[in-house]
Amino acid sequence: MNERIRRLRQQSLDARPVLSPERALLITEFYRSGQAEQVAVPVARARAFQYLLEHKTIYIGEGELIVGERGPAPKATPSYPEICVHSLQDLEILNTREKISFAVDEATRRATEETLLPFWQGRAIRDRIFAALDEDWKAAYDAGIFTEFMEQRAPGHTVLDDKIYHLGMRDFQALIQAQINRLDFYNDPDALDQRDQLNAMHIAAGALIAFAERHAVEAERQAQAENDPTRRDELLEIARICRRVPASAPQTFREALQYYWFVHLGVITELNTWDSFNPGRLDQHLLPFYEKELQAGTLNKETARELLQAFWIKFNNQPAPPKVGVTAQESNTYTDFCLINLGGVKADGSDAVNELTYLLLDVIEEMRLLQPSSMVQISRKNPDRFVRRALKIIRSGFGQPSMFNSDAIIPEMLRQGKSIIDARNGGASGCVETGAFGKEAYILTGYFNLVKVLEITLHNGVDPRSGKTIGINSGDPEEWESFDDLFASFTRQLQHFIDIKIKGNRIIERLYARYLPAPFLSLLIDDCIARGKDYNDGGARYNSSYIQGVGLGTITDTLAALKQHVFERRTVSIAELKSILANDFAGAEDFQATLLHRTPKYGNDDDHADDLLRRVFEAYFAAIDGRPNTKGGHYRINLLPTTCHVYFGSVIGATADGRRAGEPLSEGISPVQGADRNGPTAVIKSAAKIDHLRTGGTLLNQKFTPRFLADDEGIQQLTHLVRSYFKMDGHHIQFNVVSAETLREAQKHPEKYGDLIVRVAGYSDYFVDLGGALQEEIIRRTEQEYC
Amino acid sequence: MNITGIIFDLKRFAVHDGPGIRTTVFFKGCPLNCWWCHNPESRKLKPERIAAGSHRHCANLAIPDDPAMVGKTVSADEIIAEIEKDLAFYDESGGGVTFSGGEPLLQPDFLTDLLRRCREREIHSAVDTSGHAPWAHFEQIYPYTDLFLFDLKLIDDRLHRRYTNVGNRLIHDNLRRLHELGAAIFIRIPLIPGISDTEENLAGIRTFLDGLPNIRQVNLLPYNPIGESKYQRFHKKNRLGRLSTQPPSRLEAIRDHFSTLPCAVKIGG
Chain A
1 MNERIRRLRQ QSLDARPVLS PERALLITEF YRSGQAEQVA VPVARARAFQ YLLEHKTIYI
61 GEGELIVGER GPAPKATPSY PEICVHSLQD LEILNTREKI SFAVDEATRR ATEETLLPFW
121 QGRAIRDRIF AALDEDWKAA YDAGIFTEFM EQRAPGHTVL DDKIYHLGMR DFQALIQAQI
181 NRLDFYNDPD ALDQRDQLNA MHIAAGALIA FAERHAVEAE RQAQAENDPT RRDELLEIAR
241 ICRRVPASAP QTFREALQYY WFVHLGVITE LNTWDSFNPG RLDQHLLPFY EKELQAGTLN
301 KETARELLQA FWIKFNNQPA PPKVGVTAQE SNTYTDFCLI NLGGVKADGS DAVNELTYLL
361 LDVIEEMRLL QPSSMVQISR KNPDRFVRRA LKIIRSGFGQ PSMFNSDAII PEMLRQGKSI
421 IDARNGGASG CVETGAFGKE AYILTGYFNL VKVLEITLHN GVDPRSGKTI GINSGDPEEW
481 ESFDDLFASF TRQLQHFIDI KIKGNRIIER LYARYLPAPF LSLLIDDCIA RGKDYNDGGA
541 RYNSSYIQGV GLGTITDTLA ALKQHVFERR TVSIAELKSI LANDFAGAED FQATLLHRTP
601 KYGNDDDHAD DLLRRVFEAY FAAIDGRPNT KGGHYRINLL PTTCHVYFGS VIGATADGRR
661 AGEPLSEGIS PVQGADRNGP TAVIKSAAKI DHLRTGGTLL NQKFTPRFLA DDEGIQQLTH
721 LVRSYFKMDG HHIQFNVVSA ETLREAQKHP EKYGDLIVRV AGYSDYFVDL GGALQEEIIR
781 RTEQEYC
Chain B
788 MNITGIIFDL KRFAVHDGPG IRTTVFFKGC PLNCWWCHNP ESRKLKPERI AAGSHRHCAN
848 LAIPDDPAMV GKTVSADEII AEIEKDLAFY DESGGGVTFS GGEPLLQPDF LTDLLRRCRE
908 REIHSAVDTS GHAPWAHFEQ IYPYTDLFLF DLKLIDDRLH RRYTNVGNRL IHDNLRRLHE
968 LGAAIFIRIP LIPGISDTEE NLAGIRTFLD GLPNIRQVNL LPYNPIGESK YQRFHKKNRL
1028 GRLSTQPPSR LEAIRDHFST LPCAVKIGG
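Here the protein sequences come in this chain order: A and B. Mapping of the first sequence onto the numbering used here: residues 1 to 787, in sequence order. Mapping of the second sequence onto the numbering used here: residues 788 to 1056, in sequence order.
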């Protein structure tokens, strides 16, 4: 990396996240002005967006090539009071908590107290959500049965396709106007609503052009004051580009990047969308510009590399907006889950790996930043060289790029009813979530605690932690005669809590549709313009809602233990077992050792355990898949935890797999930490026993010692391992290449290991930024070596 | 008939025991007593109780067992069932199964039966042998064995006897005869510092190999001190003392000894 990039990168690494009140104050100013009340809600939202972009601070940093920040400066992170207005106590927590803190200054505190709280309390969507949800929902939420994604952040969970590389914002406006002209006010009862939505999108497109123009003006201002002629020319070039894009379609590689970046800022300024928007298949989108310019001689590989690196740094400047409470526990990281996709297949199904794919992999390796996250889509059509190149980066030990199976992702989407072309142009985003890029709202609605449901089943509807009855009467465990009786009770209890979650989701979906349309995001996602409908109201071509199952390994092992010890060998009665668990194995250490070491465990290719995995999977799938959401789409399942397996574990007592009370659950579809003892092929075989193609994403992490991957032989064997898993329809696998010894050292001397990055779940993070329980959990994962 | 045999371990994802991803079955019992043996618990041809610590068994075969026992009588059916679990990985990587030990030829009928069943299933099979077994046993397994991993330790018969407890005449004869039959053979040379990695020994092995032009590959196995901890754990005497692995430059120099051989010479398994 050159001197400029080195400096910008270091600046990004050194910048401390601070909470910036600017956006919150601007949006309050707008809504207090009374303008919003004069117009329909979507139009008001568009005007608010316009107001933000017209008034926010414009930042162009020294030496920057790609410009634009969400906040007034890198890592100055806005809040979104229309969604969640922080209390003074929240601010105190954000400012002082040990991990994932945001500096809060006195001015922000005062603004919150004097301006934000008085205006937004009761109006923020979070307040509306909690006022609208019923008692069953709240009891389950408080018990830790599930989490709720939309109480502090807006639905996002989508990724862009290639449309901005062909259409400028003025072209979008023309499309929107044409759609308005087509509205049939005489026969279509929805035409008036559609007009409001379309007008809102039109305003939002214009707002982005104005935002870019402000950057052009600022660049010219800086150019005038600039003494260095080289930088002056650069600033004038920035001004030229900001006037070209996003108003018009980009013509150069650099314009394409700058255009995307403005669009990105637009989406994450409009709302604090989950799983931050990203450009998706970047190696596909940029290739035409790259090839054209290489041929014309207006770009070379090194300038392209520098631009991509500058682009990368912009992502790292945007931490995930601050989260508090349960939302902070389920997703406790600065990472905002932009997941750039490389490789895979083209729309015609052929190998999509190209020269730019390898250049982007170089950039990922050299930049070694938390954000953006990156992944490789691996199809059987892609060359092994591509897989090996990715593994060589993973070997350097920062959990990127993660590895996905295109040949699973595509059939997953086909099963959900997507067209083959939309499926091939899609990929995975967030952690591991499958989606049709540019055409789908695939919303994660919350994590679901499978193990807690089993615990409640064992107590016939009562949460042993609180003594409250929150489930249904699913049968007295002491009357169960067989394992099948237990499983039937579990299935009923599962159904009950899924019903509660889905009812709550419906309430929340309608609140967002009514109060928080997203006109800017909508104009980017097909078919919101054609339908005249908002992204948050079913405007997208495909609308999927997910409930993410957590603790698959733990529940499988727990069921295996119950089956073997209570129902088959009858070495312990259910009442005795419950009492042992209630005492957290005190005085029953030998039995705990039997549970831990001499009971079938998931992850060992042992059908005694893995058959139960299949049963849990089928029960979870049956409870959710295919149920309608309020946006014309359907519920689907996926299996990933972010950091929620730690929170979910904290609300559950000891479990029959030998796990002690409060300890984390297993992560993703990975085995319980340390329970997999037959090597990685056994783990893969076990994990492939569920039908990945009926999910929208699963997450398998494996830990390898650096020694294993030290030579190219190790890389080659790992390539075979990945290919084998993907032949079995595995969705995703990722490797932590770090030794437990190193992690222990990092715990002891965090000051020396500030740059140690590890794979957590569907993302990577700085090890020292992780909570203690999570650090321990990662250390306990089985370390695969070789024989 | 479901024949049985005694093994002390079964490891999946073995990547240093022949080509590709393999499952390695460790037969119990060995006629040699090498000073550097990594598996001192493998020598006796019967299950034995080990006093200290737990021995990490692989495979579900071992789960309900007493962790203090090393070695288990298992049926060929059980072994084949375990081997078949990783078929997908063998197919993808060009791997298969390796019968190692101990000395697998010490249980020739069990080994033959397993090899025959692998052949029926088109699973690539390798036999990792010290070479110290009656020729009749080699003759018996030869038709069903895809690859021999054949150890050459010390070329000097006297030294061989000293460090392994047996002479090397039989071993050399067996190797020559296998070679004559046209068997696929990888030669494996354990590099024990000061014992087998001496100039003299390496030159002797080199000369010996010159007479065997159809050897497919030579693997130079750098010293791995992993065995040392086992001696402590199993309360066995470590006659070798503490040695450390050869530095890369030394390994390259050793490789140069063999560079004119008409086959690949690899450092590591």
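Certain hints may be false.
Said to hold, decoys possible - Here's a subset of chain B near chain A, in silico, CB distances under 7 Å, partners left out:
#	residue
1	800
2	802
3	808
4	872
5	873
6	875
7	876
8	879
9	880
10	1042
What the hints assert, rightly or not - Straight-line distance between alpha carbons at most 30 Å, and here's what the computed DSSO-like set of lysine-lysine pairs gives:
#	chain 1	residue 1	chain 2	residue 2
11	B	859	B	1024
12	B	1017	A	689
13	A	392	B	872
14	A	381	A	346
15	B	831	B	1017
16	A	503	A	138
17	A	138	A	346
18	A	689	A	752
19	A	392	A	138
20	A	727	A	346
21	B	872	A	727
22	A	381	B	872
23	A	301	A	163
24	A	689	B	1053
25	B	1023	B	859
26	B	1053	A	392
27	A	392	A	301
28	A	163	A	292
Think of the hints as simulated: they come from the structure by calculation, not from any bench. We put the beta carbon where it would ideally sit given N, CA and C, even for glycine.
Problem set entry | Hints violated by the structure (numbers, ascending) | Numbers 10, 12, 17, 18, 19, 24, in rising order.
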